[in-house]
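Student: Sequences listed follow chains A and B, in order.
Under this note's numbering, the first residue of the first sequence is numbered 1065, with each subsequent residue one higher.
Under this note's numbering, the first residue of the second sequence is numbered 3, with each subsequent residue one higher.
Among the hints, erroneous ones may be present.
[Stated by the list, open to error] Some but not every residue of chain B turned toward chain A, in silico, with C-beta under 7 Å:
#1 66
#2 70
#3 72
#4 90
#5 91
#6 104
#7 112
#8 144
#9 146
[As the list claims (entries may be wrong)] Just a few of them, taken from the derived set where beta-carbon distance is under 8 Å, the chain A residues facing chain B:
#10 1070
#11 1148
#12 1159
#13 1163
#14 1200
Since the hints were derived computationally from the structure, they do not count as laboratory data.
Note that CB positions come from ideal geometry on N, CA and C, so glycine has one too.
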Amino acid sequence: MIPFPELKAFQDLTLDDSSKPIFTVPAGEVYELLWVHIQVTTTNKAGNRQFRVGVYDNNSIFVLQSLTGEYVTASEAWEITWAPSYPLQEDETGVKLMLAPLPSPLLLPTGWQVVVEDYYGIDVAADHMTMNALVRRICPGE
Amino acid sequence: MIPFPELKAFQDWAENDSDKILFTVPDGEVYELLRVYCMYIADAKSQNDRQLVLQIRDTAGVVVLSAIMGDVVSQGETWYVTWAPGLPLIEDETGLKKALIPLPNPTLIPTGFSVRVFDINAVLPADDDMYLDAVVSRDQPGPDQ
Chain A
1065 MIPFPELKAF QDLTLDDSSK PIFTVPAGEV YELLWVHIQV TTTNKAGNRQ
1115 FRVGVYDNNS IFVLQSLTGE YVTASEAWEI TWAPSYPLQE DETGVKLMLA
1165 PLPSPLLLPT GWQVVVEDYY GIDVAADHMT MNALVRRICP GE
Chain B
3 MIPFPELKAF QDWAENDSDK ILFTVPDGEV YELLRVYCMY IADAKSQNDR
53 QLVLQIRDTA GVVVLSAIMG DVVSQGETWY VTWAPGLPLI EDETGLKKAL
103 IPLPNPTLIP TGFSVRVFDI NAVLPADDDM YLDAVVSRDQ PGPDQ
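Build out the structure end to end from the sequences listed, making use of the hints.
Tutor: Shown next, in the form of C-alpha cells:
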C-alpha cells in the first residue's frame, strides 16, 4: 500500500470548541486513519475532561472509541495523540502529553465518520481544542 | 512493498545545536519515516532538565504531531533516544540512558511537511550536542494529491 499514497490532512484550529467532527469518508473511498493530534487548553470551569476519538458507522451508530488514560482538569494545557500501535500512555513525562492507541490499521468504510471530543462535555463551547489528522485514501474493493 | 524501496538517510552531527530541522519533504514526494536515532550530550553549564521532542509540522508551520521522550536529560548526561513506529514509550528503565519513543505506524508525511527534533525546554540550544541519524522511504504521492 505504500506506492503512491494518497495522503489527506485535516485541520480544525477553531477555538471555543471541544467537540469536533474530523471527517466523513466520502462515497467511493476508504480511509486509513494514520493519526489524530489535538492541543487542548481548558477554561477554569471545574470538571474532569476525558478526550476520545470516536467512530460512527453510516447509520450514525457509535462503533468504536479510544479514550485517553487520564483526565484533563480546569485551566490545563495538553497535547494528545492517537495513532495505530501507540500505547495507552498517561502523563508520565510531566509535560502534559498523552498517547492513546488506535487499531492497526484503522480502515474506515464509505460514509463512516470520525470525531474527537471531550467525552464528558464539561465546557464544550469554551474549552480550546485544535485538531490535526492525517489519512490515507484508498479505493474500496467490491 | 519489497521491490525498489527508495531509502534515504539523513544525518546531522553538527555540534552545539539542540534544535534541528531533520528534513522537509520535497515537492512531488511523500516520506515514510522509519526511524530517528539521537545521541544527546547535555552540556555541564546548566542544571535544568532537557526533554527531547520530535514534531511534524505542516506547510504553515503548525504542529500536527508531537512525540516526546518519557524522561529528562540532566546536566552532563549522554542519552541515546530512538523514535520509530511500533516502539513502546520507554524511559530509562535499563539505566543505560536509552529511551524509546513510538511514532504512528506508519508515519507517512506529505509534501512540504517537516520534521524537527529539539529540546522542548530550550535549556542550552547552542551548547548541547545532538547527533541525529534518520531513514525514510521515499515515494511519490498519488495522482489526486
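Student: Does each hint hold? Answer for all of them.
Tutor: Results for each hint:
{"no.": "1", "hint": "66", "in the structure": "holds (4 Å)"}
{"no.": "2", "hint": "70", "in the structure": "holds (5 Å)"}
{"no.": "3", "hint": "72", "in the structure": "holds (5 Å)"}
{"no.": "4", "hint": "90", "in the structure": "holds (6 Å)"}
{"no.": "5", "hint": "91", "in the structure": "holds (5 Å)"}
{"no.": "6", "hint": "104", "in the structure": "holds (6 Å)"}
{"no.": "7", "hint": "112", "in the structure": "holds (5 Å)"}
{"no.": "8", "hint": "144", "in the structure": "holds (4 Å)"}
{"no.": "9", "hint": "146", "in the structure": "holds (6 Å)"}
{"no.": "10", "hint": "1070", "in the structure": "holds (4 Å)"}
{"no.": "11", "hint": "1148", "in the structure": "holds (5 Å)"}
{"no.": "12", "hint": "1159", "in the structure": "holds (6 Å)"}
{"no.": "13", "hint": "1163", "in the structure": "holds (7 Å)"}
{"no.": "14", "hint": "1200", "in the structure": "holds (6 Å)"}
Every hint, counting from the list given before, is met by this structure.
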